[in-house]
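Enquirer: Each chain, written out:
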Amino acid sequence: ELKVEQNPLFLSMQEGKNYTIYCNYSTTSDRLYWYRQDPGKSLESLFVLLSNGAVKQEGRLMASLDTKARLSTLHITAAVHDLSATYFCAVDRSNSNYQLIWGAGTKLIIKP
Amino acid sequence: GAVVSQHPSWVICKSGTSVKIECRSLDFQATTMFWYRQFPKQSLMLMATSNEGSKATYEQGVEKDKFLINHASLTLSTLTVTSAHPEDSSFYICSARARSRVADTQYFGPGTRLTVL
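From first to last, the protein sequence lines stand for chains A and B. Quick note on our numbering: the first sequence kicks off at 11 and runs consecutively. Quick note on our numbering: the second sequence kicks off at 296 and runs consecutively.
Treat the hints with caution; some may be incorrect.
Residues of chain B clear of chain A, computed beta-carbon distances all greater than 10 Å [claimed, not checked]:
| # | residue |
| --- | --- |
| 1 | 337 |
| 2 | 338 |
| 3 | 339 |
| 4 | 356 |
| 5 | 361 |
| 6 | 369 |
| 7 | 370 |
| 8 | 392 |
| 9 | 401 |
In silico EDC-like cross-links for lysine to aspartate or glutamate, where the CA-CA straight-line distance does not exceed 16 Å [unchecked claim]:
| # | chain 1 | residue 1 | chain 2 | residue 2 |
| --- | --- | --- | --- | --- |
| 10 | B | 359 | B | 322 |
| 11 | A | 78 | A | 92 |
| 12 | A | 117 | A | 92 |
| 13 | B | 315 | B | 360 |
| 14 | B | 336 | A | 76 |
| 15 | A | 13 | B | 354 |
Pair by pair, the computed Cβ-Cβ distance ranges are [to be verified]:
| # | chain 1 | residue 1 | chain 2 | residue 2 | range |
| --- | --- | --- | --- | --- | --- |
| 16 | A | 12 | B | 408 | 36 to 42 Å |
| 17 | A | 78 | B | 304 | 39 to 45 Å |
| 18 | B | 310 | A | 29 | 40 to 46 Å |
| 19 | A | 70 | B | 336 | 33 to 39 Å |
| 20 | B | 382 | A | 18 | 41 to 47 Å |
| 21 | A | 62 | B | 359 | 18 to 24 Å |
| 22 | B | 349 | A | 28 | 32 to 38 Å |
| 23 | A | 92 | B | 321 | 22 to 28 Å |
| 24 | A | 38 | B | 307 | 30 to 36 Å |
| 25 | A | 78 | B | 313 | 31 to 37 Å |
| 26 | A | 40 | B | 352 | 19 to 25 Å |
| 27 | B | 312 | A | 65 | 46 to 52 Å |
| 28 | B | 321 | A | 50 | 17 to 23 Å |
Everything labelled a hint here was simulated from the structure, so no lab data went into it. Cβ coordinates follow ideal geometry from the N, Cα and C atoms, glycine included.
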């Protein structure tokens, strides 16, 4: 059974700082997704990582995937308040059918 | 961009009644739609996978007679919570996989908050 673990689950940080959220998963998969969720809202797709070594960047967020280590990271550079949200990673357990198993989420609070 | 809508946005119903939630892909054809539920401050749990014109595939532990899914067309899937009880109260989110999009992702609806009294 595929399990997805995120850490930390909660993170409070000051604006301008850097930090990394980690996503570990237990079985082989080549598809990993990062999503953002604001309170009471649905999910916004941030990154889709489809191969070992994939690295994608958008603004202050950068995601990477190491399929051998079964690890993805979401790195935040010089955080700003607008990035406060809950971030989820999700892994496609089937490699083709987009049946996603989700991490518990990381609630990120960025203080001005 | 791809847009997925859900209706209603929120619903409050009495215990024992049935509630239908609609999920529509507005500007693309969805080969597959997914239904999730999310409890407060928790992650998403995949409930079922629905392909157009065929029966939904339910995850282990999800009662198919309680959560009826119909994917009647390439743009519409419905989830009916039958004989709802307070423990069914949750945030229900659908997502859709686009048929012809190059981007390999799912597009999520805004969610439906169900409260059963």
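Enquirer: Run the structure past the numbered hints and jot down the numbers of the failing ones, going up.
Expert: Failing hints, ascending: 1, 2, 3, 8, 9, 10, 11, 14, 16, 19, 20, 21, 22, 24 and 25.
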